[in-house]
Amino acid sequence: MRVWRIALRNAFRHRLRTILTICGIATAVMAFGLIRTIVTAWNAGVTASATNRMITRHRVSIIFPVPLVDRDQIGRVPGVTALSWANWFGGVYGDPNDFKNFWPRFAVDADTYFDLYPELIVPKDQLAAFKQERSACILGRKVAAQHGFKIGDVISMQGDIYPGAWQWVVRGIYTGRDPSVDETQMLFHWDYLYEQVKAREPGRATDAGWFVSRVDPPSAMARVSATIDTMYTNSRAPTKTESEREFQQSFVSMSSAIITSLKVISLVIIGIILLVLANTILMAVRERRREYAVLKTLGFEGRHIAGFILSESLVVGLAGGLLGVLLTFPIVRGFGLALPTFFPVIRVEPVTIALAIGVAAAAALAAAALPASRAVRTSIVEGLRTVG
Amino acid sequence: MKIPFAYVWRSLWARRVTTLLTITGVTLVVFVFAGVLMLARGLQATLVDTGGPDNVIVLRRSANSELVSQIDRQTASILESQPEVVTGADGHPVIAKELMVVINLTRKGTHDVTNVSVRGVSPQSLALRPGVRVTEGRQFTFGTHEVIVGRNVADRFAGASIGSQLTFGGDRWTVVGVFDAGHTGFDSEIWGDVDQQMQAFGRPVYSSVTLKLQNPTQLAPLQTRLQADPRAQYIDLKPEQQYYREQSQGLATFIRILGLVVTIIFSVGAMIGAMITMYAAVANRVVEVGTMRALGFRRRNVLGAFLLEAIVLAIVGGLAGIALASLLSFAHVSTMNFNSFSEIGFGFRLSPDVIVAALLFAVVMGVVGGFLPAVRAARLNIVDALRSP
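As given, the protein sequences belong to chains A and B, one line each in that order. Sequential numbering of the first sequence, starting at 1, is according to my numbering. Sequential numbering of the second sequence, starting at 1, is according to my numbering.
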């Protein structure tokens, strides 16, 4: 206990320097927390994916549709207990250069989609109203709040993949079952898309963008995937069936270069924390050489001295780490506001907090290692002789 | 009287370890700052260079990328007959009708599957893009299922080398050549015959039409005239360079905002580091400062000397950071471009303005970090300073 008191007292002997050091570490830890949060936000889709859902899409790439008629065959594959489908709509709302105006829009099969996604919670009456109206849509809570959309409002936008002017009436707002659920999507009737395209562009086929199936038991997934893909190997639309997790992961890995550079930056930050702390501890130890020699003549041993130095470094490092974690929350919020809809789910995870504190503590120990070992080795005579 | 520069230099040298630690801190910060700027610059340069100066791209209105755009054959032939379009050496108008799709390929040495652009090109496409040269193998033959791949695709993806076959559109396509497009977006694409691909994909419409104008000023009148033509109302004309600049916007904005946030945070950290060092420098040299003042140096000379010390720290760190960042020029990044929904390869680009910005950034850190400690040194009372232990 006494060691910690000495550490605390020692740490605040140079109050200004210590406060500056704590602030320096806090800013670095905050940057570390922000970057780790961005990496987890990037992976949010993977984290949130259900363990019992599979996605079937065109083998060549997601931009090619799969024939809707495949649903009968896929639905009969043993292990598949429910099936739905969806299309990426795209579309341009307002000024396309404003990030806020971009949110995912999907045409989904109204009867089955919400059954497959129980994490999208829609009030019963709203879901019933949605199902009854072809041009209705359901919005995520976040995107509705961002744009002030209320039930009954009409949303208009320009189509790009499906050209022309499009309009929907908001009939429901969904909320996520837990914080990891994306609340920025807009879902509308696939039938509406089909009918509109048929009327606007006769001759253009509308198929499913991809199929979603629920597999029970989840252990049957590998078999289901192989069965479905073998059925269509030689068809016009060969398929690729994978778990929802793998499907989401494939989008993340397309940006792996960015994630790698973020990780490099977070390593650089650890280096900076180390430098700032090492500098301060080095100065403190240099100033106290004589004092340590005096302590040694009084009977303290090298390990005591090392303990003082290590604990002092730890006090400063942890103080900086804690402050940095506290600062991470507002900066993540600010970042989320600067790039709205870029990350549907961005929040500071407990793991990130633990990691940030751990990094600060480890850096503190590493920073103190050299000065401590030097202080241990310095002989009493040498220490007392020091001028400074 | 000015305090000689040698004093500043020797003071830094006297406490080498601390000086080195501080410089290293500044180096790391400037490295990240310059690196992020270079990356955003590299991405934009790559995409802007992709567009030809006199080329105009025609897309369906409100389509923000070729991938989602559709131009039907009738509209394409209307465009073909416009008098503003340059006539090529072969007597045909220089107008390229193209198809754009993305296919999945696996990155070499990983299991990462990513989207790669496949462009169906017409004979005129090559005339429109004189920078594209086949460097290995040969040009594909029109009317066959042959393709050529961009350098970036050949380097980065499995199964995209000469002689291998790609499967898409219900058929196999043989890679017969690798082309170099001079560090532009085309380096990340696969090219083949547009008519063969439209047939294979069962798509009756083009994605985009690119044409060359006799004179860039003809764009506005052409746009207006086409707008009045009921057969061509659904299209939008844009200078090709502007189109490609817009294609870089999403990713570049992300890199810039992230870079900005990170460097602002970092610079605060580095300034604090410089401040710690300079405060310690002042505290260690109280007697020295007192002596100098007694010798007749003025407060402002002392202030200047300490500030200069901080600036020297920052400049040395800044130069080291830029040197480190310049090594990044050899690195190559390949990632998903959100706007085009496909992979784009680009490099870090070190330009003079990046160097100037990074150095300025370092000097500002030095001045801000060194100012308060220097003020403290300058405000020391001569008598107290000389008397201090």
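Honestly, the hints are just simulated from the structure, not real lab data. Treat the hints with care, since some could be wrong.
[Claimed, not checked] Here are some chain B residues the structure puts well away from chain A; computed CB gaps all over 10 Å:
no., residue
1, Phe5
2, Tyr7
3, Gly25
4, Ile103
5, Asp112
6, Pro123
7, Asp155
8, His183
9, Pro204
10, Ile265
11, Gly273
12, Leu303
13, Val316
14, Phe341
15, Glu343
16, Ala378
[Stated by the list, open to error] Each computed DSS-like pair below joins lysine-lysine, with the alpha-carbon atoms no more than 27 Å apart:
no., chain 1, residue 1, chain 2, residue 2
17, A, Lys150, A, Lys131
18, B, Lys108, A, Lys263
19, A, Lys198, A, Lys296
20, B, Lys238, A, Lys100
21, A, Lys150, A, Lys124
22, A, Lys198, A, Lys124
Backbone N, C-alpha and C fix where the C-beta goes; we use that ideal spot for every residue, glycine too.
Status of each hint after checking the structure:
With a cut of 10 Å on Cβ distances, Phe5/B stays outside the contact zone with chain A, its closest approach being about 24 Å. No Cβ of chain A comes within 10 Å of the Cβ of Tyr7/B; the nearest lies about 19 Å off, and the non-interface call holds. For Gly25/B, the shortest C-beta to C-beta distance to chain A comes to about 5 Å, within the 10 Å cut-off, and the non-interface label is violated. With a cut of 10 Å on Cβ distances, Ile103/B falls inside the contact zone with chain A, its closest approach being about 5 Å.
Once the 10 Å rule is applied to beta carbons, Asp112/B is inconsistent with being away from chain A; the minimum gap is 4 Å. Annotated as non-interface, Pro123/B keeps its C-beta farther than 10 Å from every C-beta of chain A; the closest such distance is 26 Å. The claim that Asp155/B is not at the interface with chain A holds, since no C-beta of that chain comes within 10 Å of its own (minimum 14 Å). No beta-carbon of chain A is positioned within 10 Å of the beta-carbon of His183/B; the least distance is around 17 Å.
The non-interface label for Pro204/B is inconsistent with chain A: the shortest C-beta to C-beta separation is roughly 8 Å, within 10 Å. The Cβ of Ile265/B does not lie farther than 10 Å from every Cβ of chain A; its closest approach is about 4 Å, which violates its non-interface assignment. Chain A draws Gly273/B into its interface by the beta-carbon criterion, the shortest separation being 5 Å against a cut-off of 10 Å. With a closest Cβ-Cβ approach of about 18 Å to chain A, Leu303/B is found to remain outside the 10 Å limit, as its non-interface label requires.
With a least CB separation of 15 Å from chain A, Val316/B remains clear of the 10 Å interface cut-off, as annotated. The claim that Phe341/B is not at the interface with chain A is violated, since a C-beta of that chain comes within 10 Å of its own (minimum 7 Å). In this structure Glu343/B is not separated from chain A by more than 10 Å, as the shortest Cβ-Cβ distance comes to only about 7 Å. The beta carbon of Ala378/B is kept farther than 10 Å from every beta carbon of chain A, the shortest such distance being approximately 17 Å.
With a CA separation close to 18 Å, the supplied pair Lys150/A and Lys131/A stays within the 27 Å bound. Taking the CA atoms of Lys108/B and Lys263/A, the gap is near 21 Å; set against the 27 Å cutoff, the hint holds. About 90 Å separates the Cα atoms of Lys198/A and Lys296/A, which puts this hinted pair outside 27 Å; it is violated. Distance hint between Lys238/B and Lys100/A is fulfilled; the C-alpha atoms sit about 24 Å from each other, no more than 27 Å.
A C-alpha spacing of about 17 Å is found between Lys150/A and Lys124/A, which places the hinted pair at or below 27 Å, so the restraint holds. Taking the CA atoms of Lys198/A and Lys124/A, the gap is about 31 Å. The hint is violated against a cut of 27 Å.
Hint violations for this structure: numbers 3, 4, 5, 9, 10, 11, 14, 15, 19 and 22, all remaining hints satisfied.
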